[in-house]
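Grab the two chains, each in its own frame, and use the hints to assemble them into the complex.
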Amino acid sequence: MEILLAFVVGGLYAAAVYLMLRRSLVKLIIGLILLGHATNLLIFTAGRLTRSQSPIVPVGDALPPVPFADPVPQALILTAIVIGFGVQAFAIVLLKRAYQTVGSDDLDAMKATDA
Amino acid sequence: MKLLLVLPILIPLATAVLMLLAWRRVRLQRALNVAGATALLLASVALLAFVRRDGIQVVQLGNWPAPFGITFVADLLSAMLVVLAGVLGLAVAVYSLFSLDVRREAFGYYPLLHLLLMGVCGAFLTGDLFNLYVWFEVMLIASFVLLTLGGTRAQLEGAVKYVTLNLVSSAIFLAATGLLYGISGTLNMADLARQLPQAAQPGLTTTIALLFLIAFGIKAAVFPLFFWLPASYHTPPIAITTIFSGLLTKVGVYAMIRVFTLIFVQDAGFTHTLILVIAGLTMVTGVLGAAAQMDFRRLLSFHIVSQIGYALMGLGLFSRLALAAAIFFTLHVSIAKAALFLASGVVHRLQGSYNLKKLGGLFQPAPVLSVLFLLPALSLAGLPPLSGFWAKFALVRAGLESSQYTIVAVALGVSVLTLFSMTKIWAEVFWKPQPASDAVVAEIPAAKPSLGLLLPLALLASFSVVMGLLAEPFFALASQAAEQLLNPTGYINAVMQGGR
Chain A
89 MEILLAFVVG GLYAAAVYLM LRRSLVKLII GLILLGHATN LLIFTAGRLT RSQSPIVPVG
149 DALPPVPFAD PVPQALILTA IVIGFGVQAF AIVLLKRAYQ TVGSDDLDAM KATDA
Chain B
37 MKLLLVLPIL IPLATAVLML LAWRRVRLQR ALNVAGATAL LLASVALLAF VRRDGIQVVQ
97 LGNWPAPFGI TFVADLLSAM LVVLAGVLGL AVAVYSLFSL DVRREAFGYY PLLHLLLMGV
157 CGAFLTGDLF NLYVWFEVML IASFVLLTLG GTRAQLEGAV KYVTLNLVSS AIFLAATGLL
217 YGISGTLNMA DLARQLPQAA QPGLTTTIAL LFLIAFGIKA AVFPLFFWLP ASYHTPPIAI
277 TTIFSGLLTK VGVYAMIRVF TLIFVQDAGF THTLILVIAG LTMVTGVLGA AAQMDFRRLL
337 SFHIVSQIGY ALMGLGLFSR LALAAAIFFT LHVSIAKAAL FLASGVVHRL QGSYNLKKLG
397 GLFQPAPVLS VLFLLPALSL AGLPPLSGFW AKFALVRAGL ESSQYTIVAV ALGVSVLTLF
457 SMTKIWAEVF WKPQPASDAV VAEIPAAKPS LGLLLPLALL ASFSVVMGLL AEPFFALASQ
517 AAEQLLNPTG YINAVMQGGR
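Sequences listed follow chains A and B, in order. Residue 202 in our numbering sits at position 114 of the first sequence; the count goes up by one each step and never skips. Residue 387 in our numbering sits at position 351 of the second sequence; the count goes up by one each step and never skips.
It should be emphasised that the hints constitute simulated quantities derived from the structure, not laboratory data. Note that the Cβ used here is the ideal one computed from N, Cα and C, for glycine as well. There is no bait here: all hints are sound.
Cut-off 20 Å, straight-line C-alpha distance, at most; resulting in silico cross-link-like pairs (SDA-like, lysine to any residue):
1) 115/A / 178/A
2) 197/B / 177/A
3) 199/A / 329/B
Part of the chain B face toward chain A, derived, beta carbon under 8 Å:
4) 177
5) 195
6) 203
7) 204
8) 267
So here's chain B without its partners, still in its complex pose (with noise of 0.2 Å):
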């Protein structure tokens, strides 16, 4: 059963890898590509329903024993999110069939999609922090040319800055991975968990947590960092944004929830209200940068950095209830925002446009997307019974809990400015009439979305609903996810004993 460990790695890499055999032949490709990410999420609820019944697995690569080899781990909250990783693999994999244009697709999208998963994957379940340091270079590698691909002027523009800024958060994880290595001789994670509170030097490694902060921090788009991911977000196909907006920024949130309950805990009244502050100011600029937005992809782009302010919220209170919260609000967020980037993907085919203003009337001859929108736009809102409106409540209840009411406050506030953003997109793309003066745009704009289309979207948007209407399971599942973040002594048995 150790083999369920690697095969999220494994399965992406193969398809990958067959995939580029097949360079030619583009059919085959995209049968390898369903073929490869319904694998990978069969494989994901596999490991998920593993690791829930026998706890925390470990794998020791080439069997080198735990601090001095590479160690695998799956704990519930990299196995949730592998999960999450494989139904937005699959559901993206499966629009970018209908949506993605034949050069892009002879251009090797479809393996660089996989090899997108493969990193995405690996540092979800890698135990050791320079190997975390590798996987978010092979994600980030994919994502460049991802986002490049096809080479329009805008692409090529947003690139430069996502890689800049991409490219100087790696160094400074790297550099702080190094300094880390420097004081206490290890890079496992579990084992950096229990050197650490005997270091030397306590003020060092506060430093070192500080730096760990910002490197992520411009990965997940928190605030005084986020500028590259509205100005590159929107660039690239409709299929690839969904999945970056899904995935990327959540591996730093991911990252970042890791090393703060794991190895960064010792300054935690320092650290942890700072994340606190940071989740606060990321809600409000994110939110209120949306509200001035007349672009469908960055009004979208712009919320991506503002949902990101609750899930470190959750982190930043750091109690049972929190963690959980947190955990529950990143799946909720990245299904409800990826079924909102593929319906603005749909909208497009539709009118040719994603300029709000340009928009319109869509509600009639396209009730089933209306609603596939809707659905999503409401629960990313916060609306009962849907699943955004329970991770929002057990985030205020926690934050009321901890007596943290200023972020209580501006959490909700900023509930209602993203449902004015959603209410101002469901205004101007469904209900108000199409303008008539510039409504013909470039391409030729279908009169009915195809099936193709909203298949995928209608797989997200019921999957958030199932979380709202089904949120007891779910966030058992988190709290208990959170209860081995908080109590990591489980991890670290399970890392120094396990895996022989």
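The following block holds chain A by itself, in its conformation from the complex (with noise of 0.2 Å):
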């Protein structure tokens, strides 16, 4: 499994790096979230992939039964989800009005402010 998923996280990675290096401004956001699912699935992938319970801990015991999943992972990819989420948002609407004012969506014509 953990296989499969690093040739998935790769090919995830591959992917977004391919649109990123596109011109074009709605390749580059989805370039952008996919390089976020990458960045998730790897973070899931190297917190060890177990087929178990959840780490709840019952009543009257000191830690949970075994063999239990870590929910560290878990928690980081929750969080990494939303601040992802919310700066996509943004990007999506940056690169509308980035469209907008330039009227083109070739990030070739966007080098005013390298001259």
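Structure below.
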């Protein structure tokens, strides 16, 4: 399962980088979104995949019954998803404004600040 | 007294919330702005005094013991940088009152400024790697909005590059954090410092260290990763550029110093040499880029990149003197650079342009401004007795002690080129007569710089002078901070046992 997910993560990163290197603003934002997904899946995989119970401690016990899934990576991913959602929403609005102001969705048309 | 540790986060947060409640009452926001920034400065100075007297301070949030909960730690480095954030925050807060247009004020500039300060202080104070990511995002999202506030074409174009590259950096940071958790099972930085030396695969640790180097390298704008900075920093109003230049890249530098002194020191021969090489290349490319510019703000933007190289040089040399010099340098350059940006804003107010070719003849009508520009400019170039001289002197000496002669030669050469850039601005803006033909520009130029604009500039410039004339106590403090970084046992013990 780890091997499969490793390839999925790699594929997502490759697709994200490819899309971000294109000149279109729409592809840029899709690339950014894929980049976020790839990272979340990477954390999920790196945090060990276990087919087991939730880490809930029963009443009276000190430890959850083994084997249990590590909750920390899930908490990290949840936080990252929320942050990613906010940032991507901002990025979409920004790119739309940029498209409206510049009148083109070609990144090569946005060179005014590099001159 | 534990409250002092969270005050630098609570004060900007409370200020921003109060401002949002007073959304339509801009005058009240302006008052809150100054009050909040002053309170932040006072709290940060109190924190520094406290840390200096009683050693490293720790707060376990929610009373969860160390490796499980989120820890806030203030060692001397963090406390000094929080003071830096307080000083720059106050200077920019006051400067904004007199320089910002009504539209930006009405659309939430002040709350955003304070949220940015909250993110910066949070990043300096957290002791947890994932929490550091969260503070980076708080800081970034505030900076995204500040950068685009106003929505001019240049701002939006710059923001596309800024947002994209910073999101890439965040993704790499997050991925590296996840992988680090995968091999060590902890995200608390002090705990990581204990766990990693026993990690099963040292090669994997070095790989992750390099991922962090890339992620923080993008934030700090080092050599092959800096292109977003000169493309975006000059586009917003000068108050925003100033706070960005003073604090945002420095957070990247801080994060690098923190992880490469506390966590990733196992393979220092490789990682720190790489940092040294990057430092040299960053200095050279930045200063050469600056030499080619004729726009006041773009020229200064390239100098931000160049100066980051010096701070990294101290980290790469990795001795007590070098780290102390890097910390001293970071403080010096943030202040001096911010003063220069503020000066460029005042010049724009007077003559309506940032183009060096169109400016000129400001020495006679604005002598005070000229001096207030010249002091930080010469300090940046490293002329004695200003603060930049002592910072570079210490760096060069540390380089010589470590027998790294190449980087010393590069640092000295870049200093000369920096001096060239600064004298270029001086000659073009202040000395040469104002070109008659196209002096008239869109805005109506004011005759005299207003006192409100000069006051924050004077604060920063005099800080730079004081740091130079009284370098001894500042350097002693930086040296103590470096001592804490080089012997992380104190930090680790404080985090793992303290705070209860």
